[in-house]
Amino acid sequence: MIMVSRRNSLARAYHHESEEETMAASVKDIISRIKGPASTYVQAFETHRSHLHAAEDGEAGLTPRQRALVRIAIAVAIPSAEMLRTCRNEAEGIVAREEIEQAVSVATALRAGAAVAYGRLAYKYLNGEEDGAAVSSAVSEIKKDRELMTQFRRSSPADFERLTKMLGEMHKEGLPLSRLDYELLAIGCATITQCVYCMERHVDAARALGIVPAQVAQVVHLAVSARIEASFLAAGEIL
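Read in order, the letters of the sequence shown correspond to residues 1 to 239 in the UniProt record's numbering.
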């Protein structure tokens, strides 16, 4: 009897803790605490966020399933554990477990891809130091970028080969998400990581698959909104 009572007490405590976690992870709860001059901003944000999460605007927009998947990938790319709790609820009943697993994997691969693209700059500055040439401040110079990536690959070919093989796993045929779904997630992650190279590559791929401007706009808006949401969630302790 004592053991059963203790288990029940632990269960109640766990349930209470879970409820507190859910409340702590609610952006609505956090922004509702703001009563001063900033309240007009947070009210406008909540209106904007609510519309973004509403049903799709006609056939050209994202479906609820695509929106849930994009949100999951964005939350991983930020990353925001608090937002992922909300995303889990949003995905319930409309997204399969296998699709969630791939969305998470896509986001980790895009974060890695952005790091690779940015890492090429090490060779840009290394070259400038070696030959005394002025180093350009441009972030994206396609021809030079390819040369820098080639130097990166040749400097450690075995590591680079394993890296590209790993990232390539998310491009295989027969995965749960369609190729267009994959590119939607990739555009969302590229917006978060601010990777020019990733954005260029994945928008090009999405265009070839028939993406329309309204879908691109909604993905970018979701990423912008998620940045604000994650920031408020992170500030929950002080508000």
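Quick caveat, the hints were computed from the structure, so don't treat them as lab data.
A couple of the hints might just be wrong.
Subject to a maximum C-alpha distance of 27 Å in a straight line, what follows is the list of computed DSS-like cross-link-like pairs (lysine-lysine) [what the hints assert, rightly or not]: (1) K144 / K124; (2) K124 / K143; (3) K144 / K165; (4) K124 / K172; (5) K165 / K143.
The calculated label-pair distances, taken between Cβ atoms and stated as ranges, are [as the list claims (entries may be wrong)]: (6) Q151 / K28: 46 to 52 Å; (7) D204 / R33: 23 to 29 Å; (8) R33 / A214: 49 to 55 Å; (9) I238 / N89: 40 to 46 Å; (10) V203 / L121: 34 to 40 Å; (11) I238 / A96: 24 to 30 Å; (12) A115 / A158: 42 to 48 Å; (13) F45 / A81: 29 to 35 Å; (14) Q151 / H48: 25 to 31 Å.
Computed from a predicted structure; not experimentally measured.
Every residue, glycine too, gets a C-beta built ideally from N, C-alpha and C.
To see whether the hints hold, each was checked on the structure:
no.	hint	in the structure
1	K144 / K124	holds, 9 Å
2	K124 / K143	holds, 12 Å
3	K144 / K165	holds, 23 Å
4	K124 / K172	violated, 32 Å
5	K165 / K143	holds, 23 Å
6	Q151 / K28: 46 to 52 Å	holds, 49 Å
7	D204 / R33: 23 to 29 Å	violated, 43 Å
8	R33 / A214: 49 to 55 Å	violated, 35 Å
9	I238 / N89: 40 to 46 Å	violated, 25 Å
10	V203 / L121: 34 to 40 Å	violated, 22 Å
11	I238 / A96: 24 to 30 Å	violated, 38 Å
12	A115 / A158: 42 to 48 Å	violated, 19 Å
13	F45 / A81: 29 to 35 Å	violated, 21 Å
14	Q151 / H48: 25 to 31 Å	violated, 44 Å
In this structure, the hints that do not hold are numbers 4, 7, 8, 9, 10, 11, 12, 13 and 14, in rising order.
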